[in-house]
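These are the residues of each chain, in order.
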Amino acid sequence: MTTSQPQGLTRYDRRMIAIMNNRAGRQLYATRGRRRAIVAVHVALTAGMVAVVAGGPRLIGGRWQMLAAVAVLLPLWCVAMGMINGATRGLLELRDHALDERQLAERDRVFRRAHRVVTAALLAALIGMEIGGWSEAPWLEVPLRDALMVVLAMHWLMPAWAAGLMVQDEPADDLDADELEAGALAS
Amino acid sequence: MSEQVHNRLSVVRAERKVSRQRLAEAVGAHYQTIGYIERGQYNPSLDLALRIAKYFELPVEAIFSLEPFRPLTDEVYGRTS
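Top line first, the protein sequences correspond to chains A and B. Position 134, counted from 1, in the first sequence is what full-length UniProt numbering calls 134; the numbers after and before it change by one each time, with no gaps. Position 68, counted from 1, in the second sequence is what full-length UniProt numbering calls 68; the numbers after and before it change by one each time, with no gaps.
Each hint should be verified, as a subset may be incorrect.
[Stated by the list, open to error] Looking from chain B toward chain A, a few residues come up when the C-beta cut is under 7 Å (computed):
hint	residue
1	6
2	10
3	36
4	42
[Claimed, not checked] Per label pair, the in silico range of CB-to-CB distance:
hint	chain 1	residue 1	chain 2	residue 2	range
5	A	171	B	16	51 to 61 Å
6	A	108	B	67	26 to 36 Å
7	A	11	B	47	22 to 32 Å
8	B	47	A	59	38 to 48 Å
9	B	50	A	142	49 to 59 Å
10	A	169	B	62	52 to 62 Å
11	B	46	A	55	47 to 57 Å
12	A	104	B	59	48 to 58 Å
[As the list claims (entries may be wrong)] Cβ-to-Cβ under 8 Å is the rule here; a few derived chain B residues that face chain A:
hint	residue
13	35
14	49
15	50
Please keep in mind that the hints were generated in silico from the structure rather than gathered at the bench. Cβ atoms here follow ideal geometry from the backbone N, Cα and C, with glycine treated the same way.
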């Protein structure tokens, strides 16, 4: 989206568009393999954060240890999230009127895929709980609060993970030679 | 949607020496969207197609078509085969 449609675009929108389309770190997520690795790291960091917050002192010893773990995990989580947003050009972060028609269609596709994955995961979890109920497996006795935190994290972040995995490599000719030269001179 | 809309946007853009970024800014799209259209990976809405045609001051059928375009050299020099 560009400056050609100023109506409805606030200063915040313009700033966000500039940040999300910043090409400075594009080599970090230029290939599908790198994007998969970033999403995998982000999933792991999210799982760690949920475990720390849900488990709390019971899991890692005390309140201060819990805060220390969050202080270590949170910046890493934010960096990985930033990389996903950069790779998707802010597909999920920008507001509707800051995206063009192709991006809106792509965002719809991402939400549909994420919805299917979350639904399948919840169905699998429910079936697992039912089977566990029959066999009275003790490891399936998860507190409702912890289960809700996992569901919330999945529901919130699955679109970002799906978008990170679905985004295509940017063809070399997507930026014209004159723009690439300008970028090379500027860097 | 399975219908392929053919276009000669890249040819027109190169001929007019317009970058994807500049065209994108003029028609209110992302520069990647222009690339998607040129590669035939995205069919623009009628609204966007008309805005692109208006930018180049061409009729929309000069840039977009349901039939594949003949090479410009064939059109200019009249080769029929």
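Fill in: Hints not upheld, ascending by number
As far as the earlier hints go, 1, 2, 5, 8, 10, 12, 14 and 15 are violated by this structure, in ascending order.
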